[in-house]
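Using the sequences provided together with the hints, build the complete structure.
Number of protein chains: 2
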Amino acid sequence: MNNTTLKQIASQLGISITTVSKALKGYSDVSEKTKKAVIELANKLNYTPNSFAVNLRTKESKTIGLIIPTLVHDFFSNVIQGILEEAEKRDYLVIILQSNEKLEFEKKQIDLLLNKRVDGILISLSNETGEFEHLQTILSHNTPLVLFDKIAKLVNCSKVTINDRKAAYDAVSYLIKKGYKKIAHFRGSYLPQNSIDRFLGYKKALEDNNIIYDSSLVYVCDTNMDFENGYENAKKIVNEHPEIDAIFAVTDLVAVGIIKYFNEVGIAIPQKIAVLGFSNWFMSSVMSPKLSTVDQPGFEIGRKSASILFDEINLKKNNSPVIFQSIELETSIIERDST
Amino acid sequence: MNNTTLKQIASQLGISITTVSKALKGYSDVSEKTKKAVIELANKLNYTPNSFAVNLRTKESKTIGLIIPTLVHDFFSNVIQGILEEAEKRDYLVIILQSNEKLEFEKKQIDLLLNKRVDGILISLSNETGEFEHLQTILSHNTPLVLFDKIAKLVNCSKVTINDRKAAYDAVSYLIKKGYKKIAHFRGSYLPQNSIDRFLGYKKALEDNNIIYDSSLVYVCDTNMDFENGYENAKKIVNEHPEIDAIFAVTDLVAVGIIKYFNEVGIAIPQKIAVLGFSNWFMSSVMSPKLSTVDQPGFEIGRKSASILFDEINLKKNNSPVIFQSIELETSIIERDST
Numbered sequence: 011m012n013n014t015t016l017k018q019i020a021s022q023l024g025i026s027i028t029t030v031s032k033a034l035k036g037y038s039d040v041s042e043k044t045k046k047a048v049i050e051l052a053n054k055l056n057y058t059p060n061s062f063a064v065n066l067r068t069k070e071s072k073t074i075g076l077i078i079p080t081l082v083h084d085f086f087s088n089v090i091q092g093i094l095e096e097a098e099k100r101d102y103l104v105i106i107l108q109s110n111e112k113l114e115f116e117k118k119q120i121d122l123l124l125n126k127r128v129d130g131i132l133i134s135l136s137n138e139t140g141e142f143e144h145l146q147t148i149l150s151h152n153t154p155l156v157l158f159d160k161i162a163k164l165v166n167c168s169k170v171t172i173n174d175r176k177a178a179y180d181a182v183s184y185l186i187k188k189g190y191k192k193i194a195h196f197r198g199s200y201l202p203q204n205s206i207d208r209f210l211g212y213k214k215a216l217e218d219n220n221i222i223y224d225s226s227l228v229y230v231c232d233t234n235m236d237f238e239n240g241y242e243n244a245k246k247i248v249n250e251h252p253e254i255d256a257i258f259a260v261t262d263l264v265a266v267g268i269i270k271y272f273n274e275v276g277i278a279i280p281q282k283i284a285v286l287g288f289s290n291w292f293m294s295s296v297m298s299p300k301l302s303t304v305d306q307p308g309f310e311i312g313r314k315s316a317s318i319l320f321d322e323i324n325l326k327k328n329n330s331p332v333i334f335q336s337i338e339l340e341t342s343i344i345e346r347d348s349t
Numbered sequence: 011m012n013n014t015t016l017k018q019i020a021s022q023l024g025i026s027i028t029t030v031s032k033a034l035k036g037y038s039d040v041s042e043k044t045k046k047a048v049i050e051l052a053n054k055l056n057y058t059p060n061s062f063a064v065n066l067r068t069k070e071s072k073t074i075g076l077i078i079p080t081l082v083h084d085f086f087s088n089v090i091q092g093i094l095e096e097a098e099k100r101d102y103l104v105i106i107l108q109s110n111e112k113l114e115f116e117k118k119q120i121d122l123l124l125n126k127r128v129d130g131i132l133i134s135l136s137n138e139t140g141e142f143e144h145l146q147t148i149l150s151h152n153t154p155l156v157l158f159d160k161i162a163k164l165v166n167c168s169k170v171t172i173n174d175r176k177a178a179y180d181a182v183s184y185l186i187k188k189g190y191k192k193i194a195h196f197r198g199s200y201l202p203q204n205s206i207d208r209f210l211g212y213k214k215a216l217e218d219n220n221i222i223y224d225s226s227l228v229y230v231c232d233t234n235m236d237f238e239n240g241y242e243n244a245k246k247i248v249n250e251h252p253e254i255d256a257i258f259a260v261t262d263l264v265a266v267g268i269i270k271y272f273n274e275v276g277i278a279i280p281q282k283i284a285v286l287g288f289s290n291w292f293m294s295s296v297m298s299p300k301l302s303t304v305d306q307p308g309f310e311i312g313r314k315s316a317s318i319l320f321d322e323i324n325l326k327k328n329n330s331p332v333i334f335q336s337i338e339l340e341t342s343i344i345e346r347d348s349t
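Residue numbers (the numbering used here), protein chains in the order written: chain D, 11 to 349; chain A, 11 to 349.
Note that the list lumps identical chains together, so a pair holds whenever it fits in one copy or between two copies.
Derived BS3-like pairs (lysine-lysine); straight-line CA-CA distance at most 27 angstroms:
#1 Lys45 - Lys117
#2 Lys118 - Lys54
#3 Lys45 - Lys126
#4 Lys69 - Lys32
#5 Lys126 - Lys112
#6 Lys117 - Lys72
#7 Lys326 - Lys117
#8 Lys126 - Lys69
#9 Lys17 - Lys72
#10 Lys118 - Lys99
#11 Lys300 - Lys245
#12 Lys99 - Lys35
#13 Lys99 - Lys72
#14 Lys282 - Lys270
#15 Lys126 - Lys46
#16 Lys126 - Lys326
#17 Lys187 - Lys282
#18 Lys214 - Lys282
Derived by calculation from the structure, the hints in this document are not laboratory data. Being a predicted model, the structure only gives us computed values, none of them experimental.
What follows is the structure in structure tokens.
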């Protein structure tokens with residue numbers, strides 16, 4: 011009954027299409043009796059308004075697009091939950107795409123979303139993304155865009171992040187205050203702004219505390235920044251730099267890899283080497299030892315990004331001017347057993 | 011430039027709309043020179059075909075809907091990855107909704123997707139879902155539907171699951187073979203078919219091995235089946251049944267809660283009590299002790315469900331008959347340190 015149209019209802023009842031349409035919209039110039047008959051038949055025939063036709067008229071899709079680097083990541087799961095909660099409130103639907111940290115995928119997905127005429131787009135950039143023409147395309151379509159978490163500072167749109175540099179600075183200052191002196195950093199790859207900022211925060215905290223920055227204590231993870239990166243770099247560093255007493259890891263997943271290696275070879279955490287993560291994944295609270303980490307408010311980042319996007323969609327609809335916002339959400343250090 | 015239409019291109023070039031449309035589609039009865047001019051202007055104006063109008067013509071949305079109970083769950087993240095991979099191959103988009111284990115949300119979300127005229131729907135039911143009228147609505151709209159993981163046996167559509175009863179039977183038989191005799195079960199809530207089946211597999215394995223089934227060793231988790239359920243029930247059972255030597259948990263998350271409690275109070279795993287999970291979350295391989303579990307192939311479940319759905323969408327498009335499939339994917343036991 012997918013193709014039931016107003017026409018079929020009209021012809022079965024022997025009335026005009028206009029009358030059927032008015033009856034379904036509850037217009038007062040149609041008799042109650044006719045209304046009842048139309049609604050009953052529409053229900054019987056499983057009539058639903060054709061959203062393509064409705065969209066063509068209103069030029070609204072009531073749909074937004076979301077591109078994230080990867081789903082298998084507590085942080086992004088939390089972000090999505092925040093976004094879905096805001097969308098739900100407004101009866102908006104969310105198309106979710108995963109770039110797998112690939113610039114090529116991100117470009118293609120933006121094309122798909124623009125072709126679909128979504129009302130707005132939310133993106134956390136892939137770790138490979140170092141050029142921004144595809145983002146400019148969104149803006150030149152006059153489609154509202156909000157970047158979150160992994161953003162491009164040069165793109166002129168609203169942004170929701172944490173202050174990665176300050177969060178890392180606070181984290182490393184905390185380690186120094188706890189008495190650690192030889193602090194290594196397992197950093198993220200060179201492109202994403204947040205991995206650059208976390209590195210700069212690390213470096214600044216050392217300098218401000220009169221600890222000489224030693225570039226040989228900085229190990230670079232690849233674009234995936236995953237568990238294996240932590241595991242392999244941990245193996246390397248205890249060999250190359252047995253003198254270190256703490257490691258600040260760019261993500262919890264990397265920190266979990268470090269802990270796994272240290273547990274396997276019997277390096278005591280935190281007595282021999284302390285480990286500090288970043289993000290506060292669920293697993294970091296249940297492993298042994300429980301991981302100290304920086305709490306990154308994923309759910310709030312999702313909610314805030316979506317709510318700004320919906321505001322911009324509405325402003326655009328009313329032809330009102332949009333002022334782009336750059337929001338930085340607060341982070342905090344969660345002290346557990348690994349430091 | 012959102013509203014650039016064929017008409018604008020036609021009027022700027024002083025040709026007919028039909029010619030513009032033909033030029034963009036590459037028809038041979040339009041000169042190369044005209045084609046070039048049209049394409050250049052279309053690019054300059056950021057023209058994209060209006061998907062609402064295209065949809066109205068083709069009656070295809072190139073979009074499918076996916077409803078899952080919760081995102082913050084490794085298993086569903088893996089399922090989504092499998093679905094997105096299949097959709098990507100076919101240039102389909104996926105609208106993802108989260109029922110939060112609530113029947114009311116599931117109903118509303120189905121209405122939204124039907125109104126959106128998605129080409130097909132994939133659902134893993136909420137733990138609350140005990141009536142199926144909303145699923146019948148999908149079928150009466152002649153919209154292809156595939157249920158996966160948490161299914162309703164009575165609904166007439168394709169289904170992709172594992173054999174939960176057999177997987178649980180194998181898991182408990184494995185524990186018995188390892189010498190455990192007093193095996194408790196932390197089961198899921200009463201509604202979802204997979205939690206019923208896992209319970210029945212547990213019971214049958216005991217009976218087939220001449221161990222008398224004792225209903226007081228079965229603890230029921232609430233609809234969330236989460237970490238806290240495992241933690242709280244673990245606390246209860248060591249008090250009420252100190253004689254148990256193993257626990258078979260309905261999910262890894264519940265098992266992680268058990269392990270956390272046992273670690274806190276110093277109950278040795280597996281020497282005093284063994285713990286076996288179900289699902290093989292990432293975290294189960296990195297915690298201490300590493301959790302033995304049943305591997306549930308989430309990615310494959312996602313891929314298979316999506317690929318059946320796309321087949322049915324195509325069959326429907328060609329007016330070919332659809333034969334519903336019920337696929338059961340294989341599981342295996344992953345032995346680690348907790349058993």
